[in-house]
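Residue numbers (numbering that gives the first Met the number 0), protein chains in the order written: chain A, 0 to 341; chain B, 0 to 270; chain C, 0 to 286.
Keep in mind that the hints are not guaranteed to be accurate.
Heads up, simulated SDA-like pairs for lysine to any residue below, C-alpha to C-alpha not over 20 Å straight-line [unchecked claim]:
| hint | chain 1 | residue 1 | chain 2 | residue 2 |
| --- | --- | --- | --- | --- |
| 1 | C | Lys102 | B | Leu20 |
| 2 | A | Lys279 | A | Asn319 |
| 3 | C | Lys5 | B | Lys45 |
| 4 | A | Lys127 | B | Pro185 |
| 5 | B | Lys103 | B | Asn174 |
| 6 | B | Lys99 | C | Asn246 |
| 7 | B | Lys177 | A | Gly234 |
| 8 | A | Lys222 | A | Glu235 |
| 9 | C | Lys192 | B | Thr11 |
| 10 | B | Lys45 | C | Leu188 |
| 11 | B | Lys95 | A | Lys73 |
| 12 | A | Lys73 | B | Asn174 |
| 13 | B | Lys99 | C | Ser123 |
| 14 | B | Lys99 | C | Ile152 |
| 15 | B | Lys95 | A | Glu235 |
| 16 | B | Lys103 | C | Ser123 |
| 17 | B | Lys216 | C | Asn246 |
| 18 | A | Lys311 | A | Lys261 |
| 19 | C | Lys276 | B | Leu105 |
| 20 | B | Lys95 | C | Val8 |
| 21 | B | Lys99 | A | Asp13 |
| 22 | A | Lys103 | B | Tyr176 |
| 23 | B | Lys97 | A | Phe12 |
| 24 | C | Lys279 | B | Glu158 |
| 25 | A | Lys100 | B | Pro185 |
| 26 | A | Lys236 | A | Ala295 |
| 27 | A | Lys315 | A | Arg298 |
| 28 | B | Lys95 | C | Ser123 |
Hints listed in this document are in silico derivations from the structure and should not be mistaken for laboratory results.
What follows is the residue order along each chain.
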Amino acid sequence: MSRLELKNITKKFDNKIILDNINLVVEEGEMVSLLGPSGCGKTTTLKIITGLIYPDNGDVLLNNKSVLAVPVEKRETVIVFQDYLLFPHMTVEENIGFGLKMAKVDKKVRDKKVKEMINLVRLNGHEKKYPRELSGGQKQRVALARAIAVEPKVLLLDEPFSNLDGRLRENMREFVCELQKQLKITTILVTHDREEALMTSDKVAVMLEGKIRQFGSPEEIYKKPATKDVADFFGEKNYIKGTIENNIFKSRIGNFKTTFNKFSKGKAMIRPEEIEIFSKDVDTGLLGKIKKKKFAGDRMYYNILINDVEIKCITKFNKNYNVGDMVSVKIDFNDAVFFKEE
Amino acid sequence: MKKMKKRSLFFTVIMYSIIFLLLFPLVILFVWSFTKNWPWPNIVPKAFGLRAIKYVFSPTSKSLKTLLFSVWLSSVVTIITLFISIPAAKALGLYKFKGKRLFKLLILAPIIVPPVAVSMGIHVTFIRLGLANTFLGVVLMHIIPCIPYGVRILTNVFEIIGESMEMQARVLGANPYKTFFYITLPMISPGLVSAGSLIFIVSFSQYFTTFLIGGGKIVTFFMLMFPYIQSGDRMMASVYSLIFILTSLVLFVVIEKTVKAYYKAENYFYI
Amino acid sequence: MKRNLKPYVLLLPVMLVILGIFVSGLVMALIQSLGYFPVVGLKDITLKYYKEVLTDKSFLSSLSFSLYISFTSSIIAIIVGILLAYSILRSNKKERMEQIVYKLPIIVPHAVAALLMYNVLSQSGILPRILYNMGIISSQSEFPSLIFDNRGIGIILAYVWKEIPFIAMVVYTILSNINDKLSEVALNLGANKRQVFFHILLPLIMPSVFSAFIIIFAFSFGAFEVPYLLGPTAPKALPVKAYIEYNNPDLTHRPYSMVINMSLTFISIILVWLYHKSFKLISKYDG
Numbered sequence: 000m001s002r003l004e005l006k007n008i009t010k011k012f013d014n015k016i017i018l019d020n021i022n023l024v025v026e027e028g029e030m031v032s033l034l035g036p037s038g039c040g041k042t043t044t045l046k047i048i049t050g051l052i053y054p055d056n057g058d059v060l061l062n063n064k065s066v067l068a069v070p071v072e073k074r075e076t077v078i079v080f081q082d083y084l085l086f087p088h089m090t091v092e093e094n095i096g097f098g099l100k101m102a103k104v105d106k107k108v109r110d111k112k113v114k115e116m117i118n119l120v121r122l123n124g125h126e127k128k129y130p131r132e133l134s135g136g137q138k139q140r141v142a143l144a145r146a147i148a149v150e151p152k153v154l155l156l157d158e159p160f161s162n163l164d165g166r167l168r169e170n171m172r173e174f175v176c177e178l179q180k181q182l183k184i185t186t187i188l189v190t191h192d193r194e195e196a197l198m199t200s201d202k203v204a205v206m207l208e209g210k211i212r213q214f215g216s217p218e219e220i221y222k223k224p225a226t227k228d229v230a231d232f233f234g235e236k237n238y239i240k241g242t243i244e245n246n247i248f249k250s251r252i253g254n255f256k257t258t259f260n261k262f263s264k265g266k267a268m269i270r271p272e273e274i275e276i277f278s279k280d281v282d283t284g285l286l287g288k289i290k291k292k293k294f295a296g297d298r299m300y301y302n303i304l305i306n307d308v309e310i311k312c313i314t315k316f317n318k319n320y321n322v323g324d325m326v327s328v329k330i331d332f333n334d335a336v337f338f339k340e341e
Numbered sequence: 000m001k002k003m004k005k006r007s008l009f010f011t012v013i014m015y016s017i018i019f020l021l022l023f024p025l026v027i028l029f030v031w032s033f034t035k036n037w038p039w040p041n042i043v044p045k046a047f048g049l050r051a052i053k054y055v056f057s058p059t060s061k062s063l064k065t066l067l068f069s070v071w072l073s074s075v076v077t078i079i080t081l082f083i084s085i086p087a088a089k090a091l092g093l094y095k096f097k098g099k100r101l102f103k104l105l106i107l108a109p110i111i112v113p114p115v116a117v118s119m120g121i122h123v124t125f126i127r128l129g130l131a132n133t134f135l136g137v138v139l140m141h142i143i144p145c146i147p148y149g150v151r152i153l154t155n156v157f158e159i160i161g162e163s164m165e166m167q168a169r170v171l172g173a174n175p176y177k178t179f180f181y182i183t184l185p186m187i188s189p190g191l192v193s194a195g196s197l198i199f200i201v202s203f204s205q206y207f208t209t210f211l212i213g214g215g216k217i218v219t220f221f222m223l224m225f226p227y228i229q230s231g232d233r234m235m236a237s238v239y240s241l242i243f244i245l246t247s248l249v250l251f252v253v254i255e256k257t258v259k260a261y262y263k264a265e266n267y268f269y270i
Numbered sequence: 000m001k002r003n004l005k006p007y008v009l010l011l012p013v014m015l016v017i018l019g020i021f022v023s024g025l026v027m028a029l030i031q032s033l034g035y036f037p038v039v040g041l042k043d044i045t046l047k048y049y050k051e052v053l054t055d056k057s058f059l060s061s062l063s064f065s066l067y068i069s070f071t072s073s074i075i076a077i078i079v080g081i082l083l084a085y086s087i088l089r090s091n092k093k094e095r096m097e098q099i100v101y102k103l104p105i106i107v108p109h110a111v112a113a114l115l116m117y118n119v120l121s122q123s124g125i126l127p128r129i130l131y132n133m134g135i136i137s138s139q140s141e142f143p144s145l146i147f148d149n150r151g152i153g154i155i156l157a158y159v160w161k162e163i164p165f166i167a168m169v170v171y172t173i174l175s176n177i178n179d180k181l182s183e184v185a186l187n188l189g190a191n192k193r194q195v196f197f198h199i200l201l202p203l204i205m206p207s208v209f210s211a212f213i214i215i216f217a218f219s220f221g222a223f224e225v226p227y228l229l230g231p232t233a234p235k236a237l238p239v240k241a242y243i244e245y246n247n248p249d250l251t252h253r254p255y256s257m258v259i260n261m262s263l264t265f266i267s268i269i270l271v272w273l274y275h276k277s278f279k280l281i282s283k284y285d286g
């Protein structure tokens with residue numbers, strides 16, 4: 000178990016900057032998500048941590064010591080790749096024991112450890128099977144066990160759940176989280192799935208175009224995005240233009256109280272699920288007309304017109320209104336995030 | 000619906016006709032191998048016999064010994080060619096680098112540029128270096144036409160399996176040598192076997208290069224067979240050809256049965 | 000830096016053999032064709048051999064004979080090969096046929112293909128026997144000589160026999176890849192099978208067919224065995240002519256042979272270039 004630190008990591012391929020001055024600290028036993036769209040440099044970051052790629056600039060520190068000079072095989076940082084990469088010519092057992100065999104661990108010790116791992120990932124009875132005989136979830140667990148077996152200083156998970164679907168995906172996610180807490184392995188999870196990052200991690204680093212834009216707790220990232228890019232990356236939102244004077248936000252849809260007072264002209268960002276709607280006899284001081292409506296099972300998506308400004312809103316499925324209905328709208332601008340107008 | 004059936008019948012007939020035309024000469028070859036006497040204008044031989052086969056297998060003809068020697072020579076060619084093709088295929092299959100196209104073209108060129116020109120051109124040099132009329136000289140000459148097949152099949156294999164398995168092994172603590180022996184080699188082994196069998200056959204079928212560089216001192220099975228074809232001795236030529244074809248076929252079938260594939264490689268083509 | 004050199008290091012062993020034997024063989028042939036052959040005292044670089052050979056009538060007739068054989072055999076092989084591939088695709092016995100057609104050319108070398116043609120087509124071959132027994136010809140000599148003839152029928156058919164399976168497999172592989180997906184789309188859009196073949200399948204296989212054409216053309220153009228075994232006394236195919244000149248006991252004659260080799264090489268280098276171009280055509284449809 001170790002503390003991992005990336006200092007000013009920069010990497011170019013063919014003169015294109017892939018990673019731009021990356022700084023990141025993962026404390027011992029922590030689980031950090033590296034969240035970003037595909038092609039933003041997440042996998043490259045993992046490969047630099049393991050030593051598969053050498054950075055152009057910057058340093059990788061494990062327990063405050065630079066490991067750049069340590070070759071891949073001695074660095075004790077293991078990636079679990081997206082497509083599991085189980086060795087097709089080896090059984091489950093042999094796959095799990097591979098790292099130990101490479102480290103020349105005594106056969107008896109090795110067998111014991113492999114057994115332990117098989118118990119841990121609940122693959123009893125599958126020891127002698129080959130990868131092609133396993134289901135997606137089982138492959139995933141073999142890959143995980145294989146990585147954990149060598150007791151890595153840092154465990155790196157590269158989009159580990161993206162090849163699984165639905166229920167299985169949720170189960171595996173929970174399983175991995177529990178395992179990580181239980182073994183207290185310093186872990187980085189690379190993902191493009193916002194929910195996954197928020198649900199699983201102690202901290203989230205949002206990575207866009209080769210830069211880490213924000214690093215903080217899941218709540219911070221979601222509720223207080225540092226930049227518009229980060230806010231945009233987190234799905235649906237409303238931007239409402241206006242001015243702020245004496246803790247009053249003035250806009251075309253009305254004037255609202257706010258605690259914010261850092262600048263006077265800007266945009267307020269409100270998430271659709273933070274907006275509430277009621278039937279028009281409930282007085283919220285704000286009336287709107289339903290313009291569009293979409294049913295999405297457990298939720299409803301509404302577009303509401305308030306003084307010609309279109310606002311998106313997500314409610315529970317039981318709030319059922321029709322297009323053209325007038326509704327009362329409640330928006331709390333104390334929850335809003337303000338971005339300065341340029 | 001009826002029309003559709005008719006159409007597919009039409010293509011089935013065409014397919015069988017073409018395949019018949021391709022197989023018919025082989026049937027004739029087979030019949031000739033077991034013929035004792037087949038005068039004009041008989042459509043079937045007047046008498047069957049094993050004279051030609053008996054001759055080939057008799058100790059005086061040295062055919063069996065030559066066959067074994069040929070298998071040995073082609074095996075040596077196969078092993079050397081595979082040995083040098085693996086790294087080249089890895090470079091072409093996995094990495095991007097300057098001049099890659101030129102390398103690919105140079106490696107492919109021996110299929111297109113006539114071996115006749117190359118052998119005659121290099122002959123004097125081989126004589127000077129003492130390589131002419133030697134086993135080594137013939138092996139070296141055989142490697143040239145084998146390289147394109149070896150490198151191409153293995154390049155395709157490397158393209159399919161990629162570099163990720165090796166990376167996975169490295170992060171799990173395997174050094175480059177162990178990675179090669181525990182991961183890369185087993186992973187490419189089906190490709191190695193198909194490349195190897197093709198290389199073997201290319202070498203096994205060499206005539207002109209063996210003839211010129213071997214200078215009659217290095218005699219392969221093909222060299223024994225050639226004069227019979229040349230002189231139109233159908234019976235002998237057919238027997239030799241049959242043995243030749245069967246040797247290749249056995250090699251192919253045995254190999255196909257023993258190889259377990261972890262991936263589906265592209266079909267490879269051989270002319 | 001180290002990483003950048005890796006592919007070149009990996010290519011080194013193969014390149015040593017290619018450059019050391021293949022390329023230097025061609026360079027040696029070039030030097031000798033220019034009249035530099037010090038072993039027998041020829042030391043002046045000259046174009047005289049080129050002038051002599053390239054204006055020589057028998058050379059020109061050999062050249063056109065070789066080109067004619069390669070071109071004719073390749074075209075026939077392409078047409079029949081495509082037909083065979085499409086027929087296999089449309090028939091319901093794909094698997095077995097595919098296997099036969101696939102293995103055939105690999106296990107039967109060219110010299111044996113020549114023997115096969117000799118067995119069938121020569122005046123005592125099986126074909127005239129059949130025709131005789133059917134009463135179509137009344138004697139051996141009535142059957143036209145198709146072997147050792149100056150129209151090269153025997154040579155052409157030997158190549159065609161050997162190359163049809165090759166073409167068929169190249170085409171079949173691509174066809175079966177595109178057929179399932181694209182023809183269903185086209186059929187769905189209202190095209191009939193004929194239209195699908197001519198408007199969808201044929202254009203898509205054309206680039207690969209072109210590069211396969213170049214390979215069989217080049218091979219038959221430069222190969223020695225078949226024309227040596229089945230060819231007429233005159234004109235001789237170029238590789239055979241090159242060898243005969245090479246075999247001349249008068250070593251000062253060597254440059255003539257090398258000029259022929261260089262013409263073979265020159266034409267094949269043009270073919271390599273065309274082949275290279277054809278790959279650009281193929282990748283045009285990728286992605």
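Now for the hints, and whether the structure bears them out:
1. C:Lys102 <-> B:Leu20: Cα-Cα ~16 Å, so holds.
2. A:Lys279 <-> A:Asn319: holds, 13 Å
3. C:Lys5 <-> B:Lys45: The given pair, whose Cα atoms are some 66 Å apart, is violated under the 20 Å limit.
4. A:Lys127 <-> B:Pro185: holds, 18 Å
5. B:Lys103 <-> B:Asn174: violated, 29 Å
6. B:Lys99 <-> C:Asn246: With Cα atoms ~39 Å apart, lysine 99 of chain B and asparagine 246 of chain C exceed 20 Å; violated.
7. B:Lys177 <-> A:Gly234: violated, 46 Å
8. A:Lys222 <-> A:Glu235: holds, 13 Å
9. C:Lys192 <-> B:Thr11: Given pair lysine 192 of chain C, threonine 11 of chain B holds - Cα atoms ~16 Å apart, limit 20 Å.
10. B:Lys45 <-> C:Leu188: With Cα atoms ~61 Å apart, lysine 45 of chain B and leucine 188 of chain C exceed 20 Å; violated.
11. B:Lys95 <-> A:Lys73: Answer violated: lysine 95 of chain B to lysine 73 of chain A is near 27 Å, above 20 Å.
12. A:Lys73 <-> B:Asn174: Since the Cα atoms of lysine 73 of chain A and asparagine 174 of chain B sit roughly 9 Å apart, the hinted pair holds (cutoff 20 Å).
13. B:Lys99 <-> C:Ser123: Measuring from Cα to Cα gives roughly 53 Å; hence the hint is violated.
14. B:Lys99 <-> C:Ile152: Violated, at roughly 41 Å.
15. B:Lys95 <-> A:Glu235: At roughly 40 Å apart (the allowed maximum being 20 Å), glutamate 235 of chain A and lysine 95 of chain B break the hint.
16. B:Lys103 <-> C:Ser123: violated, 47 Å
17. B:Lys216 <-> C:Asn246: Distance ~17 Å between lysine 216 of chain B and asparagine 246 of chain C Cα, so the pair holds.
18. A:Lys311 <-> A:Lys261: Between lysine 311 of chain A and lysine 261 of chain A the Cα gap is close to 26 Å, so the pair fails against 20 Å, i.e. violated.
19. C:Lys276 <-> B:Leu105: Distance ~15 Å between lysine 276 of chain C and leucine 105 of chain B Cα, so the pair holds.
20. B:Lys95 <-> C:Val8: Measuring from Cα to Cα gives roughly 14 Å; hence the hint holds.
21. B:Lys99 <-> A:Asp13: holds, 16 Å
22. A:Lys103 <-> B:Tyr176: Distance ~14 Å between lysine 103 of chain A and tyrosine 176 of chain B Cα, so the pair holds.
23. B:Lys97 <-> A:Phe12: Given that 20 Å is the threshold and the Cα spacing comes to 14 Å, the pair holds.
24. C:Lys279 <-> B:Glu158: holds, 19 Å
25. A:Lys100 <-> B:Pro185: Status holds; Cα separation ~17 Å.
26. A:Lys236 <-> A:Ala295: Holds - the C-alpha atoms of alanine 295 of chain A and lysine 236 of chain A are around 17 Å apart, at most 20 Å.
27. A:Lys315 <-> A:Arg298: holds, 5 Å
28. B:Lys95 <-> C:Ser123: violated, 58 Å
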